[in-house]
Amino acid sequence: MSNILEIKGLSAGYGPLRVIHDLDLIIQSGERVGIVGLNGHGKTTLFYAIAGLTHWQRGSIKISGKEIGRTRSQGPGRYTHIVVKEGLAIMPQGDEIFHGLTVEEHLDSGAFTSESWKNRKQKREEILEIFEPLKKLIHTPVGRLSGGERRMVSIGRGMMSEAKLYMADEPTLGLAPKIGKGVLEALLKIDLKDSAMIIAEQNVALLEGKVDRIIGMHAGKLKGEASSSLSMGLKN
Amino acid sequence: MNDIIFLIINGITVASIYGLIAVAVSITWSALGLLNLSYGFIFSFAGYGAWLAERHIYGEPIFVMFMGIAAGIIGGIMVCLIVFIPVHDKPNFTIRGMIGTLAVSLIGGQILLQNFGPKAKLLPEFFGYGKIKILDVTLTADKIGIICSSILMLTIVVKWMKSSRRGLEIRAMMMNPHAASIVGIGVRKTGIYVMAVTGAMTGLSAALLSQTYYLSPFSGLTPMIKGVSIALMGGLGSVRGAVIAAIILGFNEALTTKFLGGRYVLMTQFALIIIVLIIRPRGIAGILDKAREA
Amino acid sequence: MNKELAKNFFSCKNISIDLGGREILRNINIDIKPGEVLGIIGPNGAGKTSLIEILSGRYKQKTGDVIYKDQVINDKPLYERARMGIGRTYQTPVVPEELTVGETLKAARQSTKPYLPVTDAEYAADLVKFKVSWDMANTKLETFNRRKLLMTSVLMREPDIILMDEPASGLINAEIDEIDNTLRMLSKEMNIAVLIVEHRIELLETIADRVVVMDAGEIIAEGNLEDIINNPKVKEAYFEG
Amino acid sequence: MSDIKTKKRKTWKNPLAVWGAKGGNHEVPTPEWKNPHQIWRDTKAFKVPTTKIGRFHYEYKSSNHGEKIWNRLRWWPTRRTILWTQGVYNRKSLKPEKIRKDKRPIFWFLSLLALAIMPFILPDGYKNSLLTAGGIFGIYASINLCWTLVIGTAGIFSLATYAIVGMSAFLTTWLSINLGLPWWMLPMIGMFVGLAFGVIIALPALRLDGFYYGLLTLGLNELCRVFITTSHAFGAASGGLYGADTFVNDNWEPMTQTIVQYYSGFALLIAALFLFRFVDGKRIGRILKLAPEKKEAFAEASGVNYKRARVTVFLISSIALGFIGGFYAAYYRGSAFDIFSFHTVIMGLAMITIGGIGRADGAVAGTLIIVVLDRVLVELGPYRYIIIGLIMMFTILFLKNGLFGIRKQFRDWRDKKKGEARSSRLERGGEMLPEQATEIDNKDEIYRKRYDKMQREFLKTLICDEIIEEHKQKPLGQHSEALERVCYYFRRGAMNDKYVVKCEVPFKKYKIMALSGVRGRSPRLVEDKIYDTVEAAYHGLFLRRIQDLMEA
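Residue numbers (the working numbering), protein chains in the order written: chain A, 362 to 597; chain B, 568 to 861; chain C, -10 to 230; chain D, -1 to 550.
Calculated directly from the structure, the hints in this document are not laboratory data. Take these hints with a grain of salt, some might be off.
Stated by the list, open to error - Dumping the calculated SDA-like pairs for lysine to any residue here, alpha-carbon to alpha-carbon at most 20 Å:
#, chain 1, residue 1, chain 2, residue 2
1, D, K280, D, T310
2, D, K496, C, I165
3, B, K825, D, S229
4, B, K726, A, K427
5, D, K305, D, L204
6, D, K293, C, E92
7, D, K293, C, N16
8, A, K446, B, Y760
9, D, K406, C, E87
10, D, K280, C, E87
11, C, K51, C, N16
12, D, K101, D, T83
13, C, K65, C, T101
Said to hold, decoys possible - Covered, in the sense of this in silico footprint (three residues per stretch, anywhere, with C-beta under 8 Å from a C-beta of chain B), are these stretches of chain D:
#, segment
14, 200 to 214
15, 217 to 231
16, 344 to 352
17, 374 to 387
18, 394 to 400
To be verified - Pair ranges (Cβ atoms, derived):
#, chain 1, residue 1, chain 2, residue 2, range
19, B, P848, D, A492, 57 to 65 Å
20, D, K500, A, G455, 37 to 45 Å
21, D, R275, B, I845, 28 to 36 Å
22, A, E569, C, K120, 15 to 23 Å
23, B, M834, D, R72, 50 to 58 Å
24, B, L827, D, F190, 23 to 31 Å
Virtual Cβ for every residue (Gly too), placed ideally from N, Cα, C.
All chains, please: the whole structure from these sequences, using the hints.
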């Protein structure tokens, strides 16, 4: 058991707006963590902060012991690819897909380490096993897929590389409940081994009992993980 | 009849050279969102690189040609470092990028003028002086060489874009730069690849054109304007469109020269472009451009 | 003019659209009377936004007609519809950055002939309780005031119908109450028809006279809110599958 | 204080003992006692580095004549005041003061005045070359003002400006030579030429967007160049077409000729400035600012036909460019092919970008810089183009909107940094940061917040499971001291967002609501949970408040 993600005293935001307040989080290998919270309480911003996509951040973020946090303001996305290469697999919210690539190419684009690029065929097979409906669509441009299929492709893209940390941002958002459940189940099927996974979700019921622990997020702070009876008492 | 075929071959020869620049403009625009108007400078830079290589290193024509390509790559990377990398995340990037590349071509042209003087230089013939006769038409080795080498270059680039990992990265970045950074594709690094490849294409066209015409500090200007207008007609961002447009304009050039006279070439050309653009505002293959609607 | 059309105030018939090969809307029929508040709800991706874009004239529908006061207005662009009395607001209005509030309202007053006097702008601002200094730069306004600025610009032309795209998203409760009050006044006292697109049911509870539920590009239910909530189809689309 | 810290922990009577606490002990250890002074000191001390407090006074304030703080002088017959001033009372001395809200008219007046008297103050040695450059500056500045109208106001990225000027100049010269038109006819005819070209060029502008249009116009420019240089009528051999009628009489002294040319260029500049003011600053400019490119939604919703407005501005400036073309012909007796060259386009772009696109002052100042470099410092040779290129690069790489945007850019940058620094500070739990404190008029509020914060810090230390349990058992009535303190604090709270219990069905259903704190505005429901008894509701409310307290 080693610490995959170690966040200490992280604050992040956009301009004068501070979204994440002094947040501490440790995630160990093999863990599957759910982060629940309402819209606008900083779930996506937490992911963005890890990926270096916020406007500014303070504090330390370590991925397997390597410091990737930056204590200065940053151009959005300027350093993201460097951070991602440390072993992040981000499955972003919304339509962050490449419309013109086919499903096959799209999956390949997720394989950013040279090793996973070499094994991409085999990986692709594995992912297609999980997402059955994509098998028929392998040569279709992603732009033509429906919302659920797009989400599958986007999650599959994240699964292509041997990441240390998978981060899925609201995988069920905007999907019909049935499809959403299917997508979530696929996420839970990923064999973690030495890596870890964070799933952000608005709907607690979907994650309950399926992940190792659930952390609440409220107004930029983590709640509920602190096991004191006080906050547990307050939760209900 | 003979005349027309001869002219058409001429047209294709010209089209293949300008087509290279057009494809370069197209790729840069779609991959980086940069309207690179410094290809004129890169063109002259590559030409002088080839000329210097011929003078000082080794005079073998094919070697000179490759040196031209190498110089084009260097020029492309230079423009990328000077303009694209500092500017790409600033607001109003498109206008900034365009004016920045114009400034580069202004400075670069003047520096070339300072170092080499206004006198025109000539490169050696790369493909010898052989002639082939097919169906009453004499083809010089020169023309065959130009057409073949530019087609070869295009094929290599397209193939590379289609199948290699870098190509995949470039195409991914064309479509959604933000998502690309999320999957670990760096804008800057990809920018350098793109500019190097397009620089190589410009370098080849510079070497090919300078052997038939001549080389001067500002000789890249006309090819660039032609290349840009071909790219425009084909629809910025589409390689296929650029190739089709290059062929159409090549024919147009040949036919206009034949029936109206050489000085009407530009006029018919622009009339053609304007008509195409008014009918299809995004050029011949404009639909593909939807990927980058920023 | 046939009789079928004659009773129309604002309606659309058999609207369909597809974007990039995907069908977004299929045979949508909506009818709204003066002074009525019609809510359109549906989960994300149901096509609500596309519908409002078609009704206001920013997208062009593939088939079907939009009818306003017995006139087919398919070919009218947004600004012309705005001049005819179809107001439209956006979820997150992008306010012009270079102008101050006063200049924005002045430009809106002078958008077309007849130019309106400044009192009209003041009246419209008063209607939506838009109370900021008119010397303030637009960029300094918060979301709610941005929406009010747009509402003011729209209301000063005295529209007969307003199409609103998620007017309550991102607001705190007190502000939602204010919107509630404003809309009630506009619809009940000034007889302006209001069409609201929203994806949360609870917000429409108090204001909407009638609700249309959309899912995957189709209308699945229509009627007053209580019936709708008990409708099994709606339950399936909205709550659990 | 150390003696207090080392004191033995005391015990207190367990409030829960009555109901049978765990273990049945009547006494439990007190929560650790903390010195309120220590808490006060901890709260007061800033743990984060602080910066200087206070705001800069950006506006220069002048004291007033007498007591009045307004100004009644106006430009007859409009209602406009001469300078936009605002009367304020100095907060410290309570004296009336004036702030000039817009100082640009002063700078415009001074610099135009300097241009107007230039012929009289220049030293003789430089007079000729500087005045010649001044005339050129006037013409180019007017062209660039019209171009700014097209690019900035109308938002049409056209590069065919010099093509219009050039075509107008060549056509009018040709007409003047062949028909013998007098010089004052040339600008008039030029206007028609400009209109015709404007219509032709505006047609594709309706269909194409941004860069396609820019490139197309660049091509048009090239087309014009080729057309003119290859056609024999326009003097393909001589590098230009000359021989038009001019307003400069050859029989005058050379210096008089130069001065006449200079002043005519100056008059043209003034005219162009007026045109700019009346297009950009009036209705059409305003509605176009309402509809900036790619963000037209707002304007459309308020009924603006922005396309029409754009084309109108484009046509107006085309007519003006045609006029300038005719003027150019009359000024130089003709025109050189140079005006169509790519080099001219680059120079023109440099002129309008260095100062800042879309601003009159930017266009004029940019033109001034380039003309001085290009025409006055001729001895630099080709280096001056390198310098121009470097200035362009500098503007592109570092400035947001040219030289005249530096001020705003700096302020934006400073505000951004300030905002970031402010928001990334460790939180002060509701207390104001010193920078914020300067923005608050009522200083009592600052101290009240600080006191409140201290209070909360203290109360947080009191809250423990026992207290919550005690409240659960007995929501009302006499409590232990700790609970009593907490409850007092809650009861004292402000009315807005204060929680209350709402009775739905007496003795059966209770809910928790929050007051709005505003008269006439109804309370709102905060949660859907239904409590069976009023006591449970009280406790639920208490828990909510504690949650709020712990989070604040």
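Hints and how they fare:
Taken as a hint, the K280/D and T310/D pair is honoured in the structure, with Cα atoms around 13 Å apart against an allowance of 20 Å. For the hint pairing K496/D with I165/C, the CA-to-CA distance comes to about 19 Å; that is within 20 Å, so the pair holds. For the hint linking K825/B to S229/D, the alpha-carbon distance of about 19 Å falls within 20 Å, and the restraint holds. For the hint linking K726/B to K427/A, the alpha-carbon distance of about 38 Å lies beyond 20 Å, and the restraint is violated.
As the CA atoms of K305/D and L204/D are separated by approximately 7 Å, the hinted pair is consistent with the 20 Å bound. For the hint pairing K293/D with E92/C, the CA-to-CA distance comes to about 17 Å; that is within 20 Å, so the pair holds. With a CA separation close to 30 Å, the supplied pair K293/D and N16/C exceeds the 20 Å bound. Restraint check for K446/A and Y760/B: the C-alpha separation of about 19 Å stays at or below 20 Å, so the hint holds.
The straight-line distance between the Cα atoms of K406/D and E87/C is roughly 12 Å, inside the 20 Å bound, and the hint therefore holds. Only pairs whose Cα atoms come within 20 Å are accepted, and K280/D paired with E87/C is accepted, the gap being roughly 14 Å. For the proposed pair K51/C and N16/C, the alpha carbon gap of about 10 Å is at most 20 Å, so the pair holds. About 9 Å separates the Cα atoms of K101/D and T83/D, which keeps this hinted pair within 20 Å; it holds.
Distance check on the hinted pair: K65/C and T101/C sit about 15 Å apart at the alpha-carbon level, within 20 Å; holds. Only when three residues or more bring their CB closer than 8 Å to a CB of chain B does the claim for the segment 200 to 214 of chain D stand; here the count is 11, and the claim holds. Three residues within the 8 Å Cβ limit are the bar, and the segment 217 to 231 of chain D against chain B gives 7, so the coverage statement holds. Check on the segment 344 to 352 of chain D: 4 of its residues sit with their Cβ under 8 Å from a Cβ of chain B, so the three-residue criterion for coverage holds.
A stretch counts as covered by a chain when three or more of its residues have a beta carbon under 8 Å from one of that chain; for the segment 374 to 387 of chain D and chain B the count is 6, and the coverage holds. For a cut-off of 8 Å, the count of residues in the segment 394 to 400 of chain D with a CB near a CB of chain B stands at 3, and the three-residue condition holds. About 59 Å separates the C-beta atoms of P848/B and A492/D, a value consistent with the hinted range of 57 to 65 Å. Roughly 39 Å separates the CB atoms of K500/D and G455/A, a value that falls within the hinted 37 to 45 Å.
Take R275/D and I845/B: their Cβ atoms lie about 34 Å apart, and the range 28 to 36 Å holds. In this structure the supplied range 15 to 23 Å is violated for E569/A paired with K120/C, their Cβ-Cβ distance being about 46 Å. Against the hinted window of 50 to 58 Å, the Cβ-Cβ separation of M834/B and R72/D comes to about 56 Å, which satisfies the hint. At about 29 Å, the CB distance of L827/B to F190/D agrees with the hint of 23 to 31 Å.
Checked against the numbered hints above, the structure breaks hints 4, 7, 22 and satisfies the rest.
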